[in-house]
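K.L.:
The lines below spell out each chain.
2 protein chains.
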Amino acid sequence: MNRKLKLDELQRDSLEEFKSKSKHKVVVVLDNIRSLNNVGSFFRTCDAFNVEKLVLCGITAKPPHKDIRKTALGATESVEWEYHEETTEVVKQMKSKGYQVYAIEQALETTALQDLEVSPEGICVVFGNEVEGVQDSVIAICDGVLEIPQFGTKHSLNVSVCGGAVLWEVTKQLISQKG
Amino acid sequence: MNRKLKLDELQRDSLEEFKSKSKHKVVVVLDNIRSLNNVGSFFRTCDAFNVEKLVLCGITAKPPHKDIRKTALGATESVEWEYHEETTEVVKQMKSKGYQVYAIEQALETTALQDLEVSPEGICVVFGNEVEGVQDSVIAICDGVLEIPQFGTKHSLNVSVCGGAVLWEVTKQLISQKG
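Protein chains in written order, with this note's numbering: chain A, 5 to 183; chain B, 5 to 183.
Some hints could be false.
Note that identical chains are pooled: a pair holds if it fits in a single copy or bridges any two copies.
[Said to hold, decoys possible] When the alpha-carbon atoms are kept at most 30 Å apart in a straight line, the in silico BS3-like pairs for lysine-lysine are as follows:
no. : residue 1 : residue 2
1   : Lys99     : Lys10
2   : Lys57     : Lys70
3   : Lys74     : Lys182
4   : Lys66     : Lys182
5   : Lys99     : Lys182
6   : Lys70     : Lys10
The hints are simulated quantities; they were obtained by calculation from the structure and are not laboratory data. All figures in this text were calculated on a predicted structure; none of them were measured in a lab.
Bound-form chain A, shown alone (with noise of 0.2 Å):
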């Protein structure tokens, strides 16, 4: 009969095991998060999905913070972060190192997320705030805008449970790049 592994069959990587590990080339970029509990969430979302970096910007809150560590459950020890106060900078910075950068957004010009092609270049996903969005000044400067499908009568999904889409998306197209 079917049922559940125990933690112990699991067999997650240990942190040692996860750091040396090589990374997926996918850098997940959070232009002012307000929330901890939503950064707090990509860290263990980066760290599911293998995400090489996560980078915090401008009002984005950085570890060590107890209400990061409450939600992330140790993925602020085995996912890499830096903080930058600019996000067009890190952008500027993505794109001249050959990643495909793009905005998650409902914009004038958008991708669907379902036509995403993933390029082995490497790609980066700017999430951004929970009301204002991503910066305009940012989508300005990125390669495109990718935009979720949405059906409701909200404005839009939960940053995290966006997060969740996208680098599920990202991955799916990873895993089946390697064969």
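Knowing the structure of chain A, use the given hints to seat chain B on it.
P.N.:
Chain B in isolation, oriented as in the chain A frame:
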């Protein structure tokens, strides 16, 4: 120059329009979800992805509740929902209606999320408690267990983030089936 859409440019459905439009044949079941934030977040995700029904089971809190409303941002009004004491009863009911029923878990036998093929007859996905996961008695009667491949040090993604990944995968397939 590309820029974000303003709220009135998003052209979201009114509550009446949303309620009267046909839904994706997707039912979401929450099996003993403890956090009110997670419940609220699932309401918002179900609204965005045009889910037919959200079924709250066991200890999962029901609207009206101010902490659900805070996260759901009104989606408790737009999304059809029910409460049932026993998750197993809901699973049996959905199977008898012809829905494919999957628990989202890490189990002995699983289908990786990238191998999911959504049935046009409808799909029902069961998400479990933040610590205990989906009950083994529920897993035992599901048609299968869906697993999100994870590469990190932690035991699992946050359940709302899992919801984003799974419901995006389902929605994407439904969009492409419609052509």
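K.L.:
A separate judgement is required for each hint: does it hold in the structure or not?
P.N.:
Hint by hint, here is what the structure shows:
In this assembly of identical chains, Lys99 and Lys10 lie within 30 Å of each other by CA distance solely across copies; the values are 27 Å between and 42 Å within a copy. Only within a single protomer do Lys57 and Lys70 lie at most 30 Å apart by alpha-carbon distance; the minimum there is 21 Å, versus 36 Å between protomers. For the identical chains of this complex, Lys74 and Lys182 are neighbours neither inside a copy (34 Å) nor across copies (41 Å), given an alpha-carbon limit of 30 Å. Within a single copy, Lys66 and Lys182 get their C-alpha atoms no closer than 33 Å, and across copies no closer than 43 Å, so neither meets the 30 Å cut-off.
With identical chains, the CA atoms of Lys99 and Lys182 are at most 30 Å apart within one copy only, with a shortest distance of 23 Å there and 36 Å across copies. In the homo-oligomer, the alpha carbons of Lys70 and Lys10 lie at most 30 Å apart inside one protomer (28 Å), although the nearest pairing across protomers, at 35 Å, exceeds that limit.
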